[in-house]
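Novice: So you can see what is in the structure, the chains are spelled out below.
2 protein chains.
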Amino acid sequence: MHTATATDFLSDFQTMSTFGATSGGGVDRQAATDADAQARLWLKSWLEDHGFQVHFDAIGNQFGLLEFTPGAPYVLVGSHMDSQPLAGRFDGSYGVLSAAHAAKRIKDEVELNGGHPPLNLAVVNWFNEEGSRFTPSMMGSGVFTGKLSIDAAYNAKDLSGIRAKDELERHGFIGSFQMPTPAAYAEIHVEQGRSMENAQITIGLVAETWGAKKFQVTVKGEQAHTGSTLLVDRRDALFGAAIIISELRRYAESRSGAPLQASVSTMEVLPNSPVTVAREVKMNLDLRSPDWDTLQDGFHAVEAIIKGAESEAKVKVDLKLTHEWKLSPYTPEGVELADSVASELGMRYQRVQTVAGHDSTNMKDVTPTVMLFVPSVEGISHNEAELTSDEDMLAGVEMMTGTLRRLVQGDLN
Amino acid sequence: MHTATATDFLSDFQTMSTFGATSGGGVDRQAATDADAQARLWLKSWLEDHGFQVHFDAIGNQFGLLEFTPGAPYVLVGSHMDSQPLAGRFDGSYGVLSAAHAAKRIKDEVELNGGHPPLNLAVVNWFNEEGSRFTPSMMGSGVFTGKLSIDAAYNAKDLSGIRAKDELERHGFIGSFQMPTPAAYAEIHVEQGRSMENAQITIGLVAETWGAKKFQVTVKGEQAHTGSTLLVDRRDALFGAAIIISELRRYAESRSGAPLQASVSTMEVLPNSPVTVAREVKMNLDLRSPDWDTLQDGFHAVEAIIKGAESEAKVKVDLKLTHEWKLSPYTPEGVELADSVASELGMRYQRVQTVAGHDSTNMKDVTPTVMLFVPSVEGISHNEAELTSDEDMLAGVEMMTGTLRRLVQGDLN
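These protein sequence lines map, in sequence, to chains A and B.
Position 264 of the first sequence, counted from 1, bears residue number 286 in the working numbering, the numbering being contiguous throughout.
Position 217 of the second sequence, counted from 1, bears residue number 239 in the working numbering, the numbering being contiguous throughout.
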């Protein structure tokens with residue numbers, strides 16, 4: 023990358039990281055908060071300053087369009103700028119800024135060389151990929167791909183009861199633009215795992231996404247006085263929940279064979295009073311594996327663990343499957359194309375899997391997709407200490423530029 | 023009790039139970055909520071209609087005074103009308119209404135018989151006994167007895183950040199009245215346990231209150247992505263908390279010897295996001311026993327359980343002792359006096375212990391105190407299904423009337 027271009031990118035990345043910046047060196051920029059709005063307005067200015075036409079659609083996805091050939095289909099490239107609470111600066115934001123800089127370089131090349139690429143180019147900042155404030159996650163790309171109804175998205179409420187739609191309206195992020203289904207989609211993201219760092223590679227070509235089963239668990243007990251109610255008389259929902267959380271983790275760690283990630287990370291306790299046994303606990307439960315049989319085994323193990331908890335804590339447990347998907351390939355031709363670009367550019371690269379979901383996980387089901395990774399130091403993510411080196415970030419922009427150069431020529435179509 | 027008096031009491035109890043009534047047959051009347059304010063205004067009217075002078079003190083304790091002998095000290099009798107969330111109708115409220123009715127009967131007797139008892143009589147409705155909305159519990163009697171500073175009480179905040187003082191002011195419950203330390207205190211309450219029901223007795227003479235150790239536990243982990251962070255790399259605060267909750271309960275159940283109640287009932291999870299490993303969990307931890315050595319053993323067991331959790335979940339745990347007290351006797355002369363009253367009235371009665379804390383637990387340390395129980399069906403409490411029969415309630419009013427008759431004569435002084 024030219025030195026000036028590299029300096030511009032790193033400077034823009036620094037500016038972008040100020041929106042919702044935390045004292046611990048990260049960002050806290052949950053979807054449709056003031057910090058998220060500031061980041062989106064800054065992106066709007068950046069895109070307009072560099073000749074993009076900026077539009078919002080009904081769910082608040084933000085598009086920046088470059089028209090090379092009037093009426094031609096678009097290649098779409100982007101990620102998300104919202105974050106988890108107390109999160110890192112790279113997750114999502116790096117992908118949006120890389121997309122914008124790579125697209126801008128393609129525009130410069132087209133203007134320099136003349137000619138009309140057969141496809142146009144648009145940058146996207148998807149709404150609410152993280153899902154920490156408004157569930158489900160990948161909300162903007164979910165609505166865009168028809169996997170989630172706009173009503174469900176609008177009516178999602180945060181913990182203080184505020185609707186997603188009202189927050190989008192407050193910031194003026196609901197637009198009437200309808201982005202047509204693109205001819206191709208590309209995204210670059212930090213790995214959020216250690217595999218690339220361990221293998222000492224710079225570019226990951228994402229070939230597959232792990233399977234997952236996601237559940238809502240409701241543990242139902244009975245309210246009682248913590249002082250005077252004998253242990254034998256208790257139906258303690260929090261005790262039941264604690265058994266499930268600890269036994270699930272122990273099960274997942276004791277297994278051999280295909281990897282299995284098992285997590286519980288949210289909990290609502292009722293009535294959450296210091297002298298009253300909990301009558302109800304609601305929590306999530308998340309299983310991920312590349313192997314479907316392992317997920318099925320995990321599901322059966324969860325059922326057995328729940329039976330044990332029901333018996334030991336004298337509670338009733340409702341287990342509701344909310345989402346599931348099998349190991350799913352990314353567009354093989356997209357992986358091939360990226361392989362050829364990385365080879366031409368002399369990158370250290372290899373095929374990788376993604377455990378985390380991304381907007382590309384939605385997009386690959388409706389359009390040919392290229393998904394790229396750059397490394398994460400020690401695999402740390404959803405944490406203020408998340409880090410990708412400047413060198414790796416710049417290599418990623420270079421790689422995305424090369425990818426877009428091919429995509430706007432229709433090489434995936 | 024005369025039929026008319028009994029009918030009045032049950033009718034008033036029904037009215038009182040409408041404030042904060044829940045669809046499940048209970049009440050939800052946390053301290054200084056609108057429902058609590060309605061109940062307090064109704065009590066004010068009731069007391070004024072029956073010739074009591076009503077005053078509020080600086081922490082919102084509500085007093086209804088009957089002056090028989092100008093300048094004489096007061097006997098104080100009462101309990102609290104605030105409740106836990108989704109709680110029963112009897113806990114606290116029964117005691118306040120019994121106190122009011124019994125005091126009114128003493129007033130009628132004094133007026134009928136003439137004479138000036140050596141002590142005056144006042145009813146009290148303590149502020150925030152439950153502590154579910156604003157901690158600590160027994161707040162009004164804590165400030166009254168000098169065990170809690172008024173600043174600490176004023177600055178207690180509920181989960182939405184509202185200060186106790188602001189809520190008291192909003193309802194007009196901060197007064198300038200200073201109730202002098204009474205010559206004696208009496209309280210009647212539902213047992214919230216099974217011992218009296220099992221023994222088929224109507225009146226419990228509370229002779230002792232169990233010892234307790236109360237802790238705040240903070241489990242510190244590290245935020246991480248639930249999808250991509252390997253189990254081996256996690257420092258999951260919620261897993262650590264789950265180990266502590268489940269192992270504590272198992273320890274308490276496996277013991278023999280003196281009884282030990284062990285509870286965790288509140289939990290705050292950060293960041294409480296579906297795709298982020300918890301970085302911190304805050305929870306309470308409550309040990310109760312009549313036996314101090316058992317409490318010490320329990321404390322050492324908690325320390326060992328925490329060490330195990332720190333090692334297994336790779337977390338750090340802070341354990342902070344917030345309150346502790348040993349098994350503590352009620353005024354022996356008060357128990358003797360109640361024994362003599364119950365015997366005269368032909369009650370089925372016996373000495374009992376209390377596991378739950380009461381405002382009398384504070385009062386007995388500053389003034390001679392009589393604490394009485396009526397039975398709870400199946401021991402159910404802090405639950406909408408809490409129940410005491412009409413017959414037992416009326417027997418309790420009778421017993422309290424007999425007790426006050428003696429107390430205003432200075433029999434405990």
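Be a bit skeptical, because a hint or two may be false.
The list cannot tell twin chains apart, which means a pair is met if one copy fits it or any two copies do.
Below, simulated DMTMM-like cross-link-like pairs (lysine to aspartate or glutamate); rule was C-alpha separation at most 20 Å, straight line [said to hold, decoys possible]: (1) K338 <-> E290; (2) K169 <-> E358; (3) K169 <-> E346; (4) K342 <-> E332; (5) K336 <-> E406; (6) K336 <-> E269; (7) K179 <-> E131; (8) K242 <-> E290; (9) K179 <-> E406; (10) K338 <-> D319; (11) K329 <-> E269; (12) K348 <-> E400; (13) K348 <-> D387; (14) K242 <-> E219; (15) K304 <-> E290; (16) K338 <-> E406; (17) K66 <-> E413; (18) K338 <-> E355; (19) K336 <-> E400; (20) K336 <-> E275; (21) K179 <-> E244; (22) K66 <-> D130; (23) K348 <-> E191; (24) K169 <-> D433; (25) K329 <-> D34.
Rather than coming from a laboratory, the hints here were simulated on the basis of the structure.
Novice: Treating 20 Å as the Cα threshold, decide for K336 and E400: within, between, both or neither.
Specialist: between (42 Å within a copy, 17 Å between copies)
Novice: What label fits K348 with E400 when the C-alpha limit is 20 Å: within, between, both, or neither?
Specialist: neither (27 Å within a copy, 50 Å between copies)
Novice: Can you tell me if K348 and D387 fall within 20 Å by alpha carbon in one copy, between copies, both or neither?
Specialist: Only inside one copy: K348 and D387 sit 13 Å apart there, 66 Å across copies, limit 20 Å.
Novice: From the Cα coordinates, with 20 Å as the cut-off, is the pair K304 and E290 best called within, between, both, or neither?
Specialist: This pair counts as both: shortest intra-copy Cα distance 5 Å, inter-copy 13 Å.
Novice: Go through the copies and call it for K329 and D34: within, between, both or neither, with a Cα cutoff of 20 Å.
Specialist: neither (53 Å within a copy, 46 Å between copies)
Novice: First find the shortest C-alpha distance between K342 and E332 inside one copy, then the shortest across copies, and answer within, between, both or neither for a cut-off of 20 Å.
Specialist: For K342 and E332, only the intra-copy Cα distance (16 Å) is at most 20 Å; the inter-copy one is 31 Å.
Novice: Up to 20 Å between alpha-carbons, please classify K242 paired with E290: within, between, both or neither.
Specialist: Intra 12 Å, inter 19 Å, cutoff 20 Å: intra and inter.
Novice: Is it within, between, both or neither when you check K66 against D130 at 20 Å Cα-Cα?
Specialist: within (19 Å within a copy, 79 Å between copies)
Novice: Check K336 against E269 for me: Cα-Cα at most 20 Å, and say if that holds within a copy, between copies, both or neither.
Specialist: Intra 17 Å, inter 16 Å, cutoff 20 Å: intra and inter.
Novice: Please work out whether the CA atoms of K179 and E244 approach to 20 Å or closer within one copy, between two copies, in both situations, or in neither?
Specialist: neither (27 Å within a copy, 27 Å between copies)
Novice: Classify it for me, K336 with E275: is the Cα-Cα distance of at most 20 Å met within a copy, between copies, both or neither?
Specialist: between (26 Å within a copy, 14 Å between copies)
Novice: Between copies, within a copy, both or neither: which fits K66 and E413 at Cα up to 20 Å?
Specialist: neither (26 Å within a copy, 73 Å between copies)
Against the hints set out earlier in the document, violations occur for numbers 2, 7, 9, 10, 12, 14, 17, 18, 21, 23, 24, 25.
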